[in-house]
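Turn these sequences into a full structure, and let the hints steer you where they fit.
These are the residues of each chain, in order.
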Amino acid sequence: MNEIWRMIGRRLLLGLLTLFVISVVIFGATELLPGDLARELLGQSATPETLAALREQLGLNDPAPIRYLNWLWGVLHGDFGVSMATKKPIAELVGGRLGNTLFLALYAAALSVPLSLMLGVLAALWRNSVFDRMSNALALTSISFPEFFVAYILILWLAQTGLFPSMVRITASTTFSERIYMGFLPALTLTLVVTAHMMRMTRAAIINLLASPYIEMARLKGMSPLRVVLRHAVPNALAPIINVVALNLAYLITGVVVVEVVFVYPGLGQLMVDAVTNRDIPVVQAIALIFASAYVLLNLVADVLSTITNPRLMHRR
Amino acid sequence: MEKQVLLTIRDLKIEGRSGDAWHQIVKGVDLTLHKGEVLGLIGESGAGKSTLGLAAMGYARDGCRISGGSIDFDGIDLRAAPEADRRALRGKRIAYVAQSAAASFNPAHKLIDQYCEGPVVHGVMPREKAEADAVELYRRMRLPNPDEIGFRYPHQVSGGQLQRAMTAMAMSCRPDLIIFDEPTTALDVTTQIEVLAAIRDIVRQFGTAAIYITHDLAVVAQMADRIKVLLRGDEVEESDTRSMLAAPREDYTRSLWAVRSFARPALPAATGTPVVSVRNVTAGYGAVDVLKDVSFDIHARRTVAVVGESGSGKSTTARVITGLLPPRKGEILFNGKPLPPSFKARSREELRQCQMIYQMADTALNPKLRLRELIGRPAEMYLGLKGRALETRIRDLLALIELEPDKYIDRLPSELSGGQKQRIGIARALAAEPQMIICDEVTSALDQIVQEGILKLLDRLQGELNLAYMFITHDLATVKSIADEVVVMQHGQVVERGPKAELFAAPKEDYTNLLLSSVPEMDLDWLNRLLAARGEHA
Amino acid sequence: MQVLVVLAVALVAFFGVALVSRAALRTFAPAHQKPTFRDMPLTASFGIAVILIYVLVAVFAPLLAPFKESEVVGAQYLPWAAPYYLGTDKLGRDMLTRLIYGARNTVGIAFATTALAFTVGSILGIWAALVGGWLDQWLSRFVDALMAIPALIFSLLLLTIFGTSVLSLILVIASVDATRVYRLARSVAQGIVVMDYIEAARLRGEGKWRLIRREILPNAMAPLVAEFGLRFCFVFLSISALSFLGLGIKPPTADWGSMVRENATLITFGDITPLLPAGAIALLTVAVNFVVDWQLHRASGLKE
Amino acid sequence: MTNAMFPRGMTRRGVLKGGMALTAAGLILPAGMAMAQAEPKKGGVFRVGIGHGSTTDGYDPGLWDQLYVQTFAAARHNQLIEIAADGSLVGEIAESWSSSDGANWVFKIRDGVTFHSGKPVTVDDVIASLNHHRGEASTSAVKPYFDAVTDIKADGTNLVVTLNAPNADFPYLMSDYHLPVMPGTDGKIDPTSPDGCGGYIVESYEPGVQATLKRNPDYWKSDRAHFDQIVLLTILDPAARLNALMTNEVDVIDQVDPASIGLLESRGVANILSISGNAHYVFPMDARAAPFTDNNVRLALKYAFDRQELVDKILAGHGSVSNDNPIGPANRYFFADMEAKTYDPDKAKSYLKKAGMDKLEVTLSAANAAFAGAVDAAVLMSEKAAPAGITITVDRVPDDGYWDNVWMKKPFCASYWGGRPVEDQMFTTAYQTGAAWNESFWSNAEFDKLLVAARSELDEAKRKDMYQEMQRLVSFEGSTIIPMYNNYVMALSKALATPEKVANNWNLDGFRCVERWWFA
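Residue numbers (the numbering used here), protein chains in the order written: chain A, 1 to 317; chain B, 1001 to 1538; chain C, 2001 to 2304; chain D, 3001 to 3520.
To be clear, the hints were calculated from the coordinates, so they are not data collected in a lab. For glycine and all other residues, C-beta sits at the position ideal for the given N, C-alpha and C.
Distance windows between CB atoms, simulated:
{"hint": "1", "chain 1": "D", "residue 1": "3221", "chain 2": "A", "residue 2": "92", "range": "32 to 42 angstroms"}
{"hint": "2", "chain 1": "D", "residue 1": "3288", "chain 2": "C", "residue 2": "2013", "range": "55 to 65 angstroms"}
{"hint": "3", "chain 1": "B", "residue 1": "1207", "chain 2": "A", "residue 2": "227", "range": "26 to 36 angstroms"}
The following block contains the structure:
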């Protein structure tokens, strides 16, 4: 167990390093973008004077390294600063969106993870059967359509017929069940997008093990095919499955801008694109760090779970 | 008293698929087994012994199919019975013990969980009872700490113990028949003894019938009542063990008996500067010293056999000599001059002089390269051969290892048999024209007759090319046949070293003695005598 | 009912194409390749046929297309009728022509991008696995950091900075994708560098480049090829996603991703037009992956 | 999503540069469509889907720049002066206004109007509201309006504004949407407060997502603000907007994708409202950069594309052809009879020949940030220009940063104007030599002379001639291609009713749909 804690500690430190690198990369990239927040806010009405006034107000006149260090100093003190454009604390601006993003990600995960694992296990169980081939072809087809296309099709079928709303309007008073109902189409879209990958990996991971002597042993003990797969193959295939699930969860958190736009879902992705467009660098940085943290943490959780579920790593000789 | 017949196999044919085509693996074999009887199945790889053993369970591996004949187990037609019925028999009335227990235990579950799975799923007994039963059987199998060993995961238990735990697991439903598929092949000789004894006892105690599959005659002689010899899917002959040993009818059986006919007399001790001299080497990984103060010399045209069980440090010694593992203390002299400790610091010429042949030809040959490049590359690299000269050299080398150049030069390793692959490993080493070759268990993955061929080849080449060999092996029979000098290792230390004849005739150390006595002998009572002598068991 | 008819037609088409192509491959394959195709599953022969058709269409686009790539031939949204067999798009360009040229542009760019990503990613990944030590650590940490930035947003940033020529599009997507390839290649190579034959080659004194090229890469091909299949398709999707942001392939170049996007609002009305380019992408994806699956199956030697 | 992701460029600039429509609005109703025109009814929740809005939107009136914040502002604020649907000026917080000399303006502040907080609206609030846009430190977009203002003070309950020179159009400026009346404290307004004196009170607002407002029970206009509640939603994706309307998630959407107008109508699920104004799409050429220095080249380009095709394909017919004329049919001195330019490759060739060329190669930079369909328009122009020996290479540039990096930087690009109610304003802003937004850098001495002269010309007929001559100069000598006037196209749910006259000065009934429309 100590080793796990040591690993977690080491990985968290590495994660912090990663976050630092990312903040530098993102800051550098946004610096390279043409224009700045003052120009974006004033647009074409910008006269040199108003620009100068606004730049002064926004603190844009400091050299870039100074601004970065100021930001870093704040973050190290737990202060992510305020949005340059709205003067709102970033925590407040991002907080609600983060909640929405996590809700959608978890919702989609709750649909897609069981579904893809089940399909993957069944496809492995009945490999090369019609079911296997059909589910494989369908999965491939679903990932080869652009996300927005899948979304529009679902809207055409499920929203225009009045079954589900075509857009998600979440307010403070939205109840959980309303959220579930309204979020169904975006979650379903994401489910279709990520299921294929997880399903194929699950199937491959299991089939990969089916040639193992212990699987043959289980068969020779008279175990049913389902039991062989579930009890003997799946526990040993957990590591790759957990990893692919983590990867897709990270995608569900960080990569769903398009779905957010189509379903008018107020998530972090749209906020980040918005902030990039507006050159609101503290917001961009904050969201980039959230995304990166999600990625790092999910990978960490995946590795910890892979370790915990692997007796060879958990119970040393 | 005529015993009741348990299993009857008639004219069984099993086919295996390669690509589109099916070819026969088992070509019409008959087999009869009585209750409580142990039948030994013996043959080389490809003889179809395992396939036949599995067929006794009504089971064919993926890519195989039972295409003809009948299998009757205690009145049940296993070919005609529905899969569910067959499944109900497996594990319950017919159990299986696999060759590698380490690979055949599911790494994800504790031993006792795997033990209990069969009885519980087959409805033989409830979980609590099965657990108690497991402890009892572990005790009978003479496993250490029988009360708690079941709560360990497979990787926490040693190979010999796992093999006994697997036999216990096979016994869990008190089956009528157990198939033992080479259960001791992967074990060290000293461990093998314990496992053989335990298996024999438990089978006798429960009066279980067994099919004991092995390639090792000496082993099967200890275990079986009757022996059936297979060759390429056909039965060669069958008779009771005693008469089979005393008077085999067929030539093939006799040739199996005549293993290790090859033995060359040891050459006199060499003088002068050794080609390689290992001087007081201490080496290891991390904080652990795997080698402690190891010293020995290897002279030109001499073979030094390094013997020991797994974990004794034999292969690590090879890694130190090749420079893969720089030693902590000590040094390696080559023709009297010290070699740089790491291979990275060695010159190309120094690298050329010492070549290595690996145990697993499968992993030692790049599966994506053709023989031309596999063999040609060292010649091209070290000797600067190009074009026609290189081609000629490759063909010469192929001829040297007795492979027809035209036929083989453009093949991939996957298109070769195990013995041929090992020959390519030899050719690759020879291509560098070295003074010394390290042979790391080069024969242990091969059938005995193939081993013989490789050993003869190596011997011939040594004479022709004046090579020095360091021969790493755990197989004392190999040592007997090829070594000039023997170095016995245990726990990273040299236990004893000396000329072969002296060492075999009068081992000075206890360990050497133990090692030598553990090698199975072609004698029905060898195991009994040995156990009696060691006072472990009557 | 309509769905059933479509499904039936699709199935018939699938089997037709698959059987014909398998027969053709068996007949025309060189002698030593014949066994390869003999036990080829129908999915794979279908995949090969589709890929071949796409390649032919891409190569001979100017000959096959009835009109010029960006030629405005008539009114917008004309129905499916001769001479505009698939109608016209919103600017009155022939849809069939656009689809045919789209094969050339989209597939070409996607292929170039994927190939570049794989070359760079796999060489770096194998190199890191081979050399190990601090170089591996630094490279891997850096790649990890890059991977933690969402790909779409990162591409968007880079393209805004570097402009949107086809070259920078290829370079940006390839570099973002290369990080994924790097990770895969590294983990695959880590399994290979411990093999005896690599040890043998090292002991022989082989250089790094040869180790990568001759000893490791050929053995890492199978998983890399599988990944190539999926990545190839993801590149299509990246390009079409970037087209939304106004950063994809520039008009009037026909590109399936942009074509889907341009006509996307029509889906709302159940119009089939946007299905054509989307279907073209999907068909290729499925075909590529069928072939990849087959190759993997062969490579794994799993006989089931 | 092009617009969706980078929605700001497009109308921001159009809006800023747009003026106030003075003349009659046109309401084009497709044939067969009948709008409910009964007496306004109260009640209902009015949901507006707007293709704009960003998290950086706020309550500071100096920074408002697009349809979302504009409509949101119109819902909660009043201004001094409102522009009625017919284009005339109507007093809002200013009950009336007058000036004896055009330099000193007196506005009478309406009595009895209160802010949502209950505080009465006083002249001091008005002064604070205007001063927010004045002075060195002001960051307001309309700061230049106040360059000429020397003093703003109270005279009893009246507001007095003093200019440094007479300006008869000053009341028009006061109707600008940047200038709402907000409560002032110590002479300053709070630019982060939603408090206003308009018809709706803000209940909740999440920038870039949605705002919910409820009817102001104390609203002084009794015949306005009919809905109980309004919800303003940001829906950036055009298809999502369309879906929202079709699935009855919203009651009206702006910027309907031209491709889907026909389909939407044929479905019969919504009414299309298509309002023609003076807004126009332009392609400025840098008159200082070769080859655009030669007017023959410019004329060749002007004859080398099909204007009607652009109207048909880019606007789906919801617009009209322009003869490179920034003055629209809604303007007073519109030169309707000017010699029309039609697609004529031969003529284009002959102009090229006059310029001493056989063929012309130019690059046209466009992004949909300039206007929806700008890239497609460029592609169409490029196609049509080929037979004239003109190769137009379309350079699709990123939407992001378009107005910073491309507009007025690249020699030939796409742009958009909201139009101006007064000819002088349009010309002064964008065609006079050296004007800040003279995007083509065109300089014509004759035009400049006429422009100054026309301002002081009192003879209506002469003035008309002068303005028409200026239009001819821009059209035939100018460096700006203006292919079309675009309509404001909205789609309304069938339940929604509008007044007979819908304003054409801005989209969504001059932003006032929230208080002018009702549920039938």
